[in-house]
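> Going down the list, the protein sequences come from chains A, B and C. Residue numbering for the first sequence follows my numbering, beginning at 711 and increasing consecutively. Residue numbering for the second sequence follows my numbering, beginning at 92 and increasing consecutively. Residue numbering for the third sequence follows my numbering, beginning at 70 and increasing consecutively.
Heads up, a few of these hints could be off.
Stated by the list, open to error - Capping the alpha-carbon separation at 25 Å, the derived lysine to any residue pairs in SDA-like fashion look like this:
| hint | chain 1 | residue 1 | chain 2 | residue 2 |
| --- | --- | --- | --- | --- |
| 1 | B | 441 | C | 231 |
| 2 | A | 832 | B | 138 |
| 3 | B | 441 | C | 329 |
| 4 | B | 441 | C | 233 |
| 5 | A | 832 | B | 350 |
| 6 | B | 140 | B | 350 |
| 7 | A | 843 | B | 437 |
Everything labelled a hint here was simulated from the structure, so no lab data went into it. Fair warning: this is a prediction, and the values are worked out from it, not measured in the lab.
As a plain string of letters, each chain reads:
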Amino acid sequence: MTDHLVEVTQLRKEFGGLVATNDIDFTVERGSIVSLIGPNGAGKTTFFNQLTGVYQPTSGSILFDGVEVVGMPPHAITALGIGRTFQNIRLFAQMTALENVLVGMHSCLHGGILGSIFRTPKVRREEAAAREKARELLVYSGLPKRHEEQAGSLPYGDQRRLEVARALATDPKLLLLDEPTAGMNPQETATFIAFVRRVRDEKQLTVLLIEHDMKVVMGVSERCTVLEYGEKIAEGTPAVIQSNERVIEAYLGKGAVG
Amino acid sequence: MTGLRHRAWSAAGNRNTVAVVVLLVLALIYPTIVGSLQLVPVIGDFVPKTDSMVVMVVFTTMAIGLNMVVGYAGLLDLGYVAFYAVGAYTAGWFASQQFSQVSIDFGAAGIPDGLPGIHISMWLVLPVAGALTMLAGTAIGIPTLRLRGDYLAIVTLGFGEIVPQVVRNADNVYGFDLTHGTFGITPIDSLGFGAVGAALGLPESFRQSSDRAQWYFWFAVVILLITVFCSVRLRDSRLGRAWIAIREDETAAAAMGVPLMRTKTWAYAIGAFFGGVAGAFYASFKGGAFPADFYFNISVFLLCMVILGGVGSVWGVILGGMLLSYLNVEGLANIGSTIQATGLAFDPTKYQFGIYGSIIVLMMLFRPAGLIPERRHRVEMEEGVHDTPFYDVQREGTLTDRDGSDD
Amino acid sequence: MLPRLRGARVTDLIGLTLLGLLLIWLAVNFVKGPAAFIDISLIGLTNGTIYGVVALGYTLVYGILQLINFAHGDVFALSGLVASTVIVSVLGLDEGSSALVIIGGLAVTLVVIMVGFSLFNASIERVAYRPLRNAPRLAPLITAVGMSFVVENISLALYGVNYRTVPNLISHSDVIHIGGITYSWSKASVLIIVIPLLVVLSWFVRSTKQGKAMRAVAQDTEASAMMGIDVDHTIAVTFLIAGALAGAAGIVYLMQFNMRFDTGFELGLIAFTAAVLGGIGNLSGAVLGALCIGFIQAFNEGLGWFAPGSDWTRSMVFGILILVLVFRPEGILGEQTPEGA
Numbered sequence: 711m712t713d714h715l716v717e718v719t720q721l722r723k724e725f726g727g728l729v730a731t732n733d734i735d736f737t738v739e740r741g742s743i744v745s746l747i748g749p750n751g752a753g754k755t756t757f758f759n760q761l762t763g764v765y766q767p768t769s770g771s772i773l774f775d776g777v778e779v780v781g782m783p784p785h786a787i788t789a790l791g792i793g794r795t796f797q798n799i800r801l802f803a804q805m806t807a808l809e810n811v812l813v814g815m816h817s818c819l820h821g822g823i824l825g826s827i828f829r830t831p832k833v834r835r836e837e838a839a840a841r842e843k844a845r846e847l848l849v850y851s852g853l854p855k856r857h858e859e860q861a862g863s864l865p866y867g868d869q870r871r872l873e874v875a876r877a878l879a880t881d882p883k884l885l886l887l888d889e890p891t892a893g894m895n896p897q898e899t900a901t902f903i904a905f906v907r908r909v910r911d912e913k914q915l916t917v918l919l920i921e922h923d924m925k926v927v928m929g930v931s932e933r934c935t936v937l938e939y940g941e942k943i944a945e946g947t948p949a950v951i952q953s954n955e956r957v958i959e960a961y962l963g964k965g966a967v968g
Numbered sequence: 092m093t094g095l096r097h098r099a100w101s102a103a104g105n106r107n108t109v110a111v112v113v114l115l116v117l118a119l120i121y122p123t124i125v126g127s128l129q130l131v132p133v134i135g136d137f138v139p140k141t142d143s144m145v146v147m148v149v150f151t152t153m154a155i156g157l158n159m160v161v162g163y164a165g166l167l168d169l170g171y172v173a174f175y176a177v178g179a180y181t182a183g184w185f186a187s188q189q190f191s192q193v194s195i196d197f198g199a200a201g202i203p204d205g206l207p208g209i210h211i212s213m214w215l216v217l218p219v220a221g222a223l224t225m226l227a228g229t230a231i232g233i234p235t236l237r238l239r240g241d242y243l244a245i246v247t248l249g250f251g252e253i254v255p256q257v258v259r260n261a262d263n264v265y266g267f268d269l270t271h272g273t274f275g276i277t278p279i280d281s282l283g284f285g286a287v288g289a290a291l292g293l294p295e296s297f298r299q300s301s302d303r304a305q306w307y308f309w310f311a312v313v314i315l316l317i318t319v320f321c322s323v324r325l326r327d328s329r330l331g332r333a334w335i336a337i338r339e340d341e342t343a344a345a346a347m348g349v350p351l352m353r354t355k356t357w358a359y360a361i362g363a364f365f366g367g368v369a370g371a372f373y374a375s376f377k378g379g380a381f382p383a384d385f386y387f388n389i390s391v392f393l394l395c396m397v398i399l400g401g402v403g404s405v406w407g408v409i410l411g412g413m414l415l416s417y418l419n420v421e422g423l424a425n426i427g428s429t430i431q432a433t434g435l436a437f438d439p440t441k442y443q444f445g446i447y448g449s450i451i452v453l454m455m456l457f458r459p460a461g462l463i464p465e466r467r468h469r470v471e472m473e474e475g476v477h478d479t480p481f482y483d484v485q486r487e488g489t490l491t492d493r494d495g496s497d498d
Numbered sequence: 070m071l072p073r074l075r076g077a078r079v080t081d082l083i084g085l086t087l088l089g090l091l092l093i094w095l096a097v098n099f100v101k102g103p104a105a106f107i108d109i110s111l112i113g114l115t116n117g118t119i120y121g122v123v124a125l126g127y128t129l130v131y132g133i134l135q136l137i138n139f140a141h142g143d144v145f146a147l148s149g150l151v152a153s154t155v156i157v158s159v160l161g162l163d164e165g166s167s168a169l170v171i172i173g174g175l176a177v178t179l180v181v182i183m184v185g186f187s188l189f190n191a192s193i194e195r196v197a198y199r200p201l202r203n204a205p206r207l208a209p210l211i212t213a214v215g216m217s218f219v220v221e222n223i224s225l226a227l228y229g230v231n232y233r234t235v236p237n238l239i240s241h242s243d244v245i246h247i248g249g250i251t252y253s254w255s256k257a258s259v260l261i262i263v264i265p266l267l268v269v270l271s272w273f274v275r276s277t278k279q280g281k282a283m284r285a286v287a288q289d290t291e292a293s294a295m296m297g298i299d300v301d302h303t304i305a306v307t308f309l310i311a312g313a314l315a316g317a318a319g320i321v322y323l324m325q326f327n328m329r330f331d332t333g334f335e336l337g338l339i340a341f342t343a344a345v346l347g348g349i350g351n352l353s354g355a356v357l358g359a360l361c362i363g364f365i366q367a368f369n370e371g372l373g374w375f376a377p378g379s380d381w382t383r384s385m386v387f388g389i390l391i392l393v394l395v396f397r398p399e400g401i402l403g404e405q406t407p408e409g410a
């Protein structure tokens, strides 16, 4: 019996009359890197948003590490161990890179109101340790400097790296990456793929990513799941998926097949 | 690199310390020198009396409190006056003859023995008022803070209107006089050093001493300093970071583990605390709490201080607060008499809220970050932010929502 | 999932209980004095109609810009004051004027005021709101609060602190008089003026090209821009219409009550509450919500059995606003765009 970190059953989300995710069953094995692919509007980000509590599913269940997370607020789900990035970078643009990462540590820190006002030794120590850890995370994620610069003024690639650092700061078991290589050149993409593998190995994470770039999917993921119009149309190893007719059809249109 | 930055930081820190010390010395000597300042030709007419300075400092304290809600957490509160009211009435309940059914004296300064009513020492009443106001803020916040920004604004405005109407009408709650209706509660006890202070040659009660304004002024400054201190410390803490994160992007903040409701409620409650303390202090200075003091315009007046000074910027809000409350208590009248001396029949005090309104509009249009912008806010106000609210009652569950986030 | 569902049920339960108590209260009052009850209802209908016209201005602007245009209530008040000048000083109408002169004079006033204030309102948008189109969400809202004070002080500068009123141009004789129930021509005139306006507005939004553009922009500004709709122009038109409605409301209000520079603040809040109650952005909702508020206010101030009275009107209006936002933020009709019109 495989060890599933995520077990989604019959997940359904309707917006008005439109079904965004249609009774999806889905599992992620602990320690694996899984890709979620599909054409535009297939419901991938909606799926992520349900996983992280941004949307309430219409029906269905999501077990994360054995805990039902449907109905939990986003911050509680994050505290359980799901960290994420966003498709359109959503950094706190006017905070420094370091502060962005510190916000990610919010649920791991404990400084209260009075402690913060009086800067008790405990809070002081915690803050210092958090800053130290945040700097390490930034360096680890490929941002060795510019920690005090406003996140919004960083170059695009650095912003993507910062988002990952911020997600890692939540101390996740599962890392959700929403089109992390969008806008990167092939060189950067290759570095990023290596980085994702390294993170997975060194931090014992499980990674679930949404990706458009087939090269990334093939290069990094051990399994992929294909969505189309809110439904799961295929699942398997990248090689299997690549030769699946329905997938080719979904991606390239009917004429491309046979 | 890091060393340099450390030095830059501490240089900024030193500058702040110097500024604080200079201002403190000025505050200390102000009551003594104000008389001579007023004799200076031309500008002397515009030097505020110590009495006016008390009011200015108290309103600035409220503006600092409001700044935590509006500036840090980005929650537009249009009913801050409600907190001022709760603070003032708390002082009325615990330090006046309002409840003359009983006679309680607990360390009150300058109160004759056996005076009816509850007379708790005003020094104790100040934090109690803060705490009660904090409770009120939490009670208001819990049902409403999940609303998106503009709805929150209108609901807080609603509370700001309900509270004064309640105090106005609560002079007969099933026969019990809670607020003394439109007459308000007066007199409210004075602050003072009590019998112990009197033995040391300090005034037993500020109100009965000849230096009433001076003592109130000094302690108003102390309260302002404490408020500023807490405000700065909180801004630079875990909680402050969470506030600013929420202000910039609620969804991302929630995804990073920031509990939205709790964090917003704290902003609201802490902002309320200082509003309550300032309200109680002011009630003691004025010697009363009157329902006519708590109208919508005061909330906008405070908001105007925050906007003029610079949303989120502590130094800015102090400047904006002192400037506008000066205009309010004395400045406009002084300017008016200067204008009228030239023969023009124009009274700027009549149009004070039009003036504040114009300041708000002009600032938003031409200098949205305020006179002294907050370091990070500057960019935000000029470039705009990605601030789709998380609890979006309008669009949640609609097609646009999905289109916006999924492609 | 379960706790959420239960939570929803609890709020529903509270909401329904409150509604039930309200109905019982109304029923008891009706039994105690049916004639007075109907009389009071007619007052509610009249006031509610006026609120509705103001509420439409809020809801139109909100629908298209997601902006609470705080200044709207003050534009309404200024329009009423200016109308008093037009009626009394310019046209010189009074009780003695012949019916034809009065009707003609009022029609002229209506046109002048509606045109004038639609331009005034659109210029507020042009000067104060348009430059902030891409600013953070709260910036235009704060500006609107400031604008509200500016407009209010224009009224103050022009008209001082005294209440203005116009002579009883429309006879207070009764349209109907059955038993203790009376309904005067002056009340009926509100409906006579407002209903045609609502019909025209509804036709405009549903059937004209400009109306369709408004609905499109309200639904999705970016997409509309891409489809070639001139968004700025459409927003300007919305403000023109809202201003015209404020002008019309100012006149009908003036015919019923006296008003001064700050009348618009309270009335604006009532009207905004009405718009939220009905479902902000929804035109029919605004009118429906306004009628509800009109009735509630009239019942509160007029009924004999357990009515809190006018001391509490403002608290009740805001209490309703808060309850609606907490329990049913989408309002009674719960649509988001003028489509629902």
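> Look at each hint and say if it fits the structure.
Hints versus structure:
no. : hint            : verdict
1   : 441(B) / 231(C) : holds (14 Å)
2   : 832(A) / 138(B) : violated (47 Å)
3   : 441(B) / 329(C) : holds (15 Å)
4   : 441(B) / 233(C) : holds (19 Å)
5   : 832(A) / 350(B) : holds (22 Å)
6   : 140(B) / 350(B) : violated (46 Å)
7   : 843(A) / 437(B) : violated (63 Å)
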